[in-house]
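Build the full structure now, drawing on both the sequences and the hints.
Those protein sequences? They're chains V and P, same order as listed. Take the first sequence: its position 272, counted from the start at 1, is 272 in my numbering, and no numbers get skipped. Remember, my numbering sits 1000 above the position in the second sequence when you count from 1.
FYI, nobody ran anything at the bench for these hints, they're computed from the structure. Note that beta-carbon positions come from the ideal geometry of N, C-alpha and C, so glycine has one too. A hint or two may mislead.
[To be verified] Computed from the model, here is a short list of chain V residues facing chain P with C-beta under 7 Å:
id, residue
1, R35
2, V36
3, Y45
4, D46
5, K49
6, K53
7, E54
8, L56
9, S222
10, G223
Chain residues, written in single-letter form:
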Amino acid sequence: MEVIAIFLAASFGTLALGMVSSWVDRKVTARVQYRVGPPLLQPFYDVVKLMGKETLVSKRALGRGFLLAPVVGLASAAVAATILWAANLWPREAFVGDLVVVIYLLTIPAMATIYGAAASGSSHAAVGASREMKLLLAYELPLVLSALVPILQLRHVEGLSTFSLGALVAFQQDAGWALWSVSGVIAAVAALIALQAKLTLVPFDMPEAETELMSGVYLEYSGPPLAMIKLSRMFLLAVAPVYFATLFLGGLGANTWQGWLALAGKYVVVLVLVVLIRNTNPRVRIDQAVRFFWFLLTPLAIVAVVLAGLGY
Amino acid sequence: MGLTTWGLKKSPWVYHVNVGACNNCDIEILELLTPRYDIERFGMVLVGSPRHADALLVTGICTRQAERRLVEVYTQTPKPCVVFCIGSCAMTGGIFRHAYHFSRPVDEVIREVDPDAIIAYVPGCPPKPEAMIAGAVTALGTL
Chain V
1 MEVIAIFLAA SFGTLALGMV SSWVDRKVTA RVQYRVGPPL LQPFYDVVKL MGKETLVSKR
61 ALGRGFLLAP VVGLASAAVA ATILWAANLW PREAFVGDLV VVIYLLTIPA MATIYGAAAS
121 GSSHAAVGAS REMKLLLAYE LPLVLSALVP ILQLRHVEGL STFSLGALVA FQQDAGWALW
181 SVSGVIAAVA ALIALQAKLT LVPFDMPEAE TELMSGVYLE YSGPPLAMIK LSRMFLLAVA
241 PVYFATLFLG GLGANTWQGW LALAGKYVVV LVLVVLIRNT NPRVRIDQAV RFFWFLLTPL
301 AIVAVVLAGL GY
Chain P
1001 MGLTTWGLKK SPWVYHVNVG ACNNCDIEIL ELLTPRYDIE RFGMVLVGSP RHADALLVTG
1061 ICTRQAERRL VEVYTQTPKP CVVFCIGSCA MTGGIFRHAY HFSRPVDEVI REVDPDAIIA
1121 YVPGCPPKPE AMIAGAVTAL GTL
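Quick look at the structure:
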């Protein structure tokens, strides 16, 4: 019962946070381009409007899988958000799921996108799906390797081998942020870039590529399924800073008002960093992205893991 | 006013359909996205797929080649949606009305497939961006 209550609270909380984050994204983008930008409630208006529109399914689409994929993506993003928030707010209590589960759950929205795009019967979406698949293969390894770094630090300092997120947050509250070490800095850079790809934001937005594939993987979606996709993207935009802060910035736990202020600060800094990366880079080609992740970021993450293992 | 209409007014996403324009209206439409006019203030975004669109901005004389493509794009747009005829050409054929490749005005083409279509007209050659914003506000106000 308690788990369900926490799930609902975390889902709606993250949803609200995601809508605000999406607005921050659009507003900062607009300000960077000397525009005024949309009003605060714009993401909410968009979702309400999409819920009222007609759902069109192409004759060539596999209807059921096509319509189910956005729901699966949304649900797994919501569960990942719940696990992360529970570990952050009550680090010393046991809760379902650990880091491995979160990494798996964060992979499912991309898988669902690939499935939905492949089932949509559109050639543009198929190109987008193949790019999304290559991107997933490219960024997943550095993301997992960089997540190992705080785990190894915990093992080195406290002699505790665990993938528990709560233990990780508690450790960082006692011994300082995982970021404040050589391995931590390298891993944080790798994780931030891999998260940018996970969010499929510029420079890694080639699966949707508004200007060449006409929003690629999402091309065929309309009405409520498109609203689901928008919602799960908002969820991921809110989850990414929480994930990053949990691993490297000492978690988002808060008991006092200073704690809440620090929580908001960490969240906003990571979010704005993501938005600024998105606004100051051009889109790279898929082969460039794969080469970048495999031959630059993965060795970097391996170096971080080795350093963390040696205790640096 | 229902929730659907309210949402549509708050975030009309537009898709740009060129059915044979001289590119002048298209340039003026892109002007809407620039810092000077910035239609994202009103929640309007230019989208890449008619499936995401709530408004079709149709520019140019409807050529015989483009006619059935226009119909295709209109039927692929989820309803409710608004069609904007941007410029004199889309409304009447303009100075090209006697040309051999001119088919029919855009509204006739759309009315043939959907008699209840919501069609707004923005005259001009090309219409000013202010006129387009005024047209959008008027059209959304009548919903």
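task = Would you list, in rising numerical order, the hints stated earlier that this structure does not obey?
result = none
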